[in-house]
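Chain by chain, the residues:
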Amino acid sequence: GAGVSQSPSNKVTEKGKDVELRCDPISGHTALYWYRQSLGQGLEFLIYFQGNSAPDKSGLPSDRFSAERTGGSVSTLTIQRTQQEDSAVYLCASSLVGMDEQYFGPGTRLTVT
Amino acid sequence: EDKVVQSPLSLVVHEGDTVTLNCSYEVTNFRSLLWYKQEKKAPTFLFMLTSSGIEKKSGRLSSILDKKELFSILNITATQTGDSAVYLCAVGVYNFNKFYFGSGTKLNVKP
Chain H
-1 GAGVSQSPSN
9 KVTEKGKDVE
19 LRCDPISGHT
29 ALYWYRQSLG
39 QGLEFLIYFQ
49 GNSAPDKSGL
59 PSDRFSAERT
69 GGSVSTLTIQ
79 RTQQEDSAVY
89 LCASSLVGMD
99 EQYFGPGTRL
109 TVT
Chain X
58 EDKVVQSPLS
68 LVVHEGDTVT
78 LNCSYEVTNF
88 RSLLWYKQEK
98 KAPTFLFMLT
108 SSGIEKKSGR
118 LSSILDKKEL
128 FSILNITATQ
138 TGDSAVYLCA
148 VGVYNFNKFY
158 FGSGTKLNVK
168 P
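Chains as they are written, first to last, in our numbering: chain H, -1 to 111; chain X, 58 to 168.
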């Protein structure tokens, strides 16, 4: 079946604008994760959804970041008033409940100019 | 503070060489340790380890976990140019299903 998909694949935005990143997990995967990867760095955990619920939002870097998931499927990560330090690749992953093996999407490369 | 440290940061070898990648961790409520291979953007799963001393093996790759000394190694034997990638180590914890990733080891296998 289809893997995890993310859109857009690339996004260039001006500082101060809002952006919305989308993730479509594998069908049937109730767990969904968002990560951020800065150039040459490992993955930074942002948020985890079990179904539509995010039990811990402390990984989000600031209150400009928010995420939601609807219907236990699609998730959106919104960054308001983007800053240059938000430039990174944003990766989404999904997994079956109780399974730690995650399947990653191709990511969205965000560039804030 | 929970952390995962990988070494070396980068490695250059020639085809046929054997390499060992290291991952050490300090986390609260350890649940699992995972290895991923990242060639372009999306990391792909290699192994998951939860018990000490049990080797996981897949072809030329193998991995083992030491929960007493808090580290894992990933071995690749008879390396090929297709093994060139960044290898990521991640540790899962019970607290809100978080995963902590190391910064990765960049492996370059030359012909």
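Among the clues, some could well be false.
[Claimed, not checked] A short, non-exhaustive set of chain H residues, derived as facing chain X with CB atoms under 10 Å: (1) Pro6; (2) Ser7; (3) Lys15; (4) Leu19; (5) Glu42; (6) Tyr46; (7) Gln48; (8) Asn50; (9) Pro53; (10) Pro59; (11) Phe63; (12) Gln100.
[Claimed, not checked] Okay, derived cross-link-like pairs now, DSBU-like style, lysine-lysine, Cα gap no bigger than 30 Å in a straight line: (13) X:Lys125 x X:Lys97; (14) X:Lys60 x X:Lys94; (15) H:Lys55 x X:Lys114; (16) H:Lys9 x X:Lys98; (17) H:Lys9 x X:Lys155; (18) H:Lys9 x X:Lys114.
No wet-lab data here; the hints were simulated from the structure. By construction, the Cβ of each residue, glycine as well, lies at the ideal position given by its N, Cα and C atoms.
Status of the hints after comparison with the structure:
1. The beta carbon of H:Pro6 comes no nearer than 13 Å to any beta carbon in chain X, farther than 10 Å, and the hint placing it at the interface is violated.
2. Proximity of H:Ser7 to chain X holds as hinted, the smallest CB-CB distance being about 9 Å (cut-off 10 Å).
3. Because the smallest distance between the Cβ of H:Lys15 and any Cβ of chain X comes to about 23 Å, over 10 Å, the interface hint for this residue is violated.
4. Among the interface hints, the one on H:Leu19 is violated; its C-beta lies about 14 Å from the nearest C-beta in chain X, farther than the 10 Å criterion.
5. With a least beta-carbon distance of about 7 Å to chain X, the hint placing H:Glu42 at the interface is held under the 10 Å criterion.
6. The criterion of a C-beta within 10 Å of any C-beta in chain X is met by H:Tyr46, whose closest approach is roughly 5 Å, and the hint holds.
7. Of the supplied interface hints, the one on H:Gln48 holds, with its beta-carbon coming within about 7 Å of a beta-carbon of chain X, less than 10 Å.
8. The interface hint given for H:Asn50 is violated, since its Cβ lies 15 Å from the closest Cβ of chain X, which is over the 10 Å cut-off.
9. About 5 Å separates the beta-carbon of H:Pro53 from the nearest beta-carbon of chain X, less than 10 Å, and the hint is met.
10. Hint on H:Pro59 is violated. Least Cβ distance to chain X is approximately 15 Å, over the 10 Å limit.
11. Given the 10 Å rule on beta carbons, the hint for H:Phe63 is violated: about 16 Å separates it from the nearest Cβ of chain X.
12. With a least beta-carbon distance of about 7 Å to chain X, the hint placing H:Gln100 at the interface is held under the 10 Å criterion.
13. Proximity of X:Lys125 to X:Lys97 is assessed by CA-CA distance (about 34 Å); at most 30 Å being required, the pair is judged violated.
14. In summary, the hint linking X:Lys60 to X:Lys94 is supported, as the alpha carbons are separated by about 19 Å, within the 30 Å threshold.
15. For the suggested pair H:Lys55 and X:Lys114, the alpha carbons sit about 36 Å apart, so the restraint of at most 30 Å is broken.
16. For the hint linking H:Lys9 to X:Lys98, the alpha-carbon distance of about 15 Å falls within 30 Å, and the restraint holds.
17. Note on H:Lys9 and X:Lys155: the hinted pairing holds, with a Cα-Cα distance of about 27 Å set against a maximum of 30 Å.
18. The suggested pairing of H:Lys9 with X:Lys114 is violated, with an alpha-carbon distance near 39 Å, which exceeds 30 Å.
In terms of the numbered hints stated before, the structure departs from hints 1, 3, 4, 8, 10, 11, 13, 15, 18, listed from lowest to highest.
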